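Peer 1: Single-letter residue listing:
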Amino acid sequence: MADDVLRLEKVRKSYNVGRPNETEILHGIDLTLGRGEFAALIGPSGSGKSTLLNIMGLLDRPTSGNLFIEGHETGSLDDRALTRLRGRSIGFVFQHHLLITAFTALENVMMPLLVERGFPDAAMKKRALDLLTALGLEQWQNHPANALSGGQQQRVAVARALAMEPALVLADEPTGNLDTKSAEGVFEMMREVNRKSGTSFLIVTHSLEIARGCDRTIELVDGQIVPAGAVPAAA
Amino acid sequence: MNRWMPFEWIAALRFLREGRMQTLFIISGVSVGIAVIVFMSALLTGLQANLTKRVLSAQAHITLQPRDEIARPLRLGGDDLELAIVQMPLQRVRSIDQWQALMRVLQDDPAIVAVSPVAAGSALAVRGDATRAVSIAGIEPDSYFRIVRLPDNIVAGTVRLSSQDIVIGTELARYLGIGVGDRLTLSAGARTSGALTVTAIFDLGNRQVNERYVYVPLRTAQSLLDLIGGVTSIELTIADVYAAETVARRLQPMTGAAAYSWIATNAQFFSAVQAQSLSSTVIRLFVALSVALGIASVLVVSVIQRSKDIGILRAMGTSRGQTLRIFLIQGALIGLVGAVVGSALGAGGLLVFHDHVRQADGSELIPLVLERSLFVAAALLATLTGVLAAMAPALRASRLDPVVAIRG
Ligand SMILES: Nc1ncnc2c1ncn2[C@@H]1O[C@H](COP(=O)(O)OP(=O)(O)O)[C@@H](O)[C@H]1O
Ligand SMILES: [Mg+2]
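As you go down the protein sequences, you meet chains A and B in turn. Residue 1 is where the first sequence starts when you use the numbering used here, and the numbers rise one by one after that. Residue 1 is where the second sequence starts when you use the numbering used here, and the numbers rise one by one after that.
Chain A extracted, bound-state conformation (with noise of 0.2 Å):
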């Protein structure tokens, strides 16, 4: 289906292979998720939730199993191909290491593309100030990384993840370190953007709050899918 932005087939992955602590995490995965769509995954800690967003994201392989990236068959990219397809098709946002320190909220935000294209330009830097423009957060472009708060941090890693316009932004744990008040922004932000701009989002999360704002909710439980319509494992 052209308008999967992702789709997984029987992922399993194991760690340690060929080792006596050989172990399974996941186990046989089946998942679509659709352009525009904007999903919560849930489950209790150690369920592979992490392990399966890696993978997603194209920094970890599956043991066996298919992963498409819109459409693209991944299993038999190198490295190189790999890395990007990540950079252009998909935007992270991390739990506990939002920017990178070294650089202003502003250049953070530039970052993805000055990989890419590998040299600064007026063009991308004006990108980047329209996102933060559109997310609010001109005011903070010239600060250094680590002179704003948390939530802000985390604000600009949004802007960062979009950067690139990518079909799909993976979080794992996005509001996880947040206070309350900075979570609900950082989320409300996300929702933002979806409904803007249609691009897809998977939310890792632990809180049901957030879980409810999303319009769907993929729940892992011992490295399976809870088939829909299941009784959810109490929380």
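No wet-lab data here; the hints were simulated from the structure. Please note: incorrect hints may appear among the correct ones.
Stated by the list, open to error - The list that follows gives simulated cross-link-like pairs (lysine-lysine, DSSO-like), each with its CA atoms no further than 30 Å apart:
1. K181(A) / K53(B)
2. K181(A) / K196(A)
3. K125(A) / K308(B)
4. K126(A) / K308(B)
5. K125(A) / K196(A)
6. K126(A) / K196(A)
All values reported here derive from a predicted model rather than from experimental measurement.
Keeping the supplied structure of chain A fixed, place chain B with the ligands upon it in accordance with the hints.
Peer 2: For chain B with the ligands alone, coordinates are given in the frame of chain A:
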């Protein structure tokens, strides 16, 4: 961010800037190392230039002589040989065949700077009752003084060599008890010169030379040695002093004469110089090695500290190659900046050393040699060392698993 600066350079510079203390310390460390290397190199160059100058003050770079002649120039032989020649019939002093034609060929050779013919032999210097065995060198002053800078080493009088003049050394003057303006006679076998006037007394910095050598015009020597129109050697100055042996080996078959380089005739001096160079090279190598290890260890730590940044950059699409370059550039920059600061320190040290460490009479101990090439070489080598030292940490950074880096 500069438009002309690539992403890797921007990231490298920012990382160095952010790691202020680390960067400052490692650059200081590299600077000290480079300063030592620059200081030692320049000192050694000065020292060797000085020694070489002394050895060469009374000697041509290359001397051409007739082939098969066992009797080498007297100054090169031992005492036996000198005595033997003094007592030999004069026809034993052989001239170089076709020496004028040979001179023209040599003058056209690009490696050769100056050419001068010499008629040399033994004689007795006579002054009243006093006699002394001497080596006479009959020279053409204009060309010869371009080879041996006699006029620069005169302690009394001024060099003038018209047909009845002679220039002698300080020791001989002392033995014979004569000074500028006094006369002496030279006799070789049956022949005797007329009275020769001492016009100048030299000190070539070598007692042996000051005692034995006398300089007379070429014609005077030729008639005294029964060598009319002939010369016993052709003396050469070449462009690259240290290439003397190579040039000599080339000239030998070309000229049909025997060519002796100053390097071959001063083999002992040269092995001393070589030992000195070798030990200094070893020291400099170890300093360079510790500089490299310092850079490597700082960058290894930096890669660990920056692993999250590296993970984020990789997630944003930074390739392994770009990651590798970011750290190689940091190594290069540390090396380069360290080299610039270190060169300045080294040069400053040399100036202080040159001004304060002097000989007893206040003259300089070692000449100050500050060549641009030394600083260029230091900068290039330090940059290269930085890149090589950064290799291991940079590879480590590029191979970092982004999943692990981000989770950490
Ligand atoms: N590199 C690894 N090697 C071995 N086990 C791992 C590795 N990464 C994650 N795991 C294990 O996989 C399981 C799932 O981890 P993770 O995907 O981080 O879960 P979640 O994000 O849902 O909390 C955990 O039991 C964790 O210990
Ligand atoms: Mg997790």
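Peer 1: Each of the hints needs a verdict: does it hold here or not?
Peer 2: Hint-by-hint comparison with the structure:
For the given pair, K181(A) sits about 83 Å from K53(B) by alpha-carbon distance, which is inconsistent with the 30 Å threshold. For the suggested pair K181(A) and K196(A), the alpha carbons sit about 23 Å apart, so the restraint of at most 30 Å is met. For the given pair, K125(A) sits about 24 Å from K308(B) by alpha-carbon distance, which is consistent with the 30 Å threshold. In summary, the hint linking K126(A) to K308(B) is supported, as the alpha carbons are separated by about 27 Å, within the 30 Å threshold.
A hinted pair counts as satisfied when its Cα atoms are at most 30 Å apart, and K125(A) with K196(A) qualifies at roughly 22 Å. Only pairs whose Cα atoms come within 30 Å are accepted, and K126(A) paired with K196(A) is accepted, the gap being roughly 19 Å.
Hint 1 from the list above is the single one not met by this structure.
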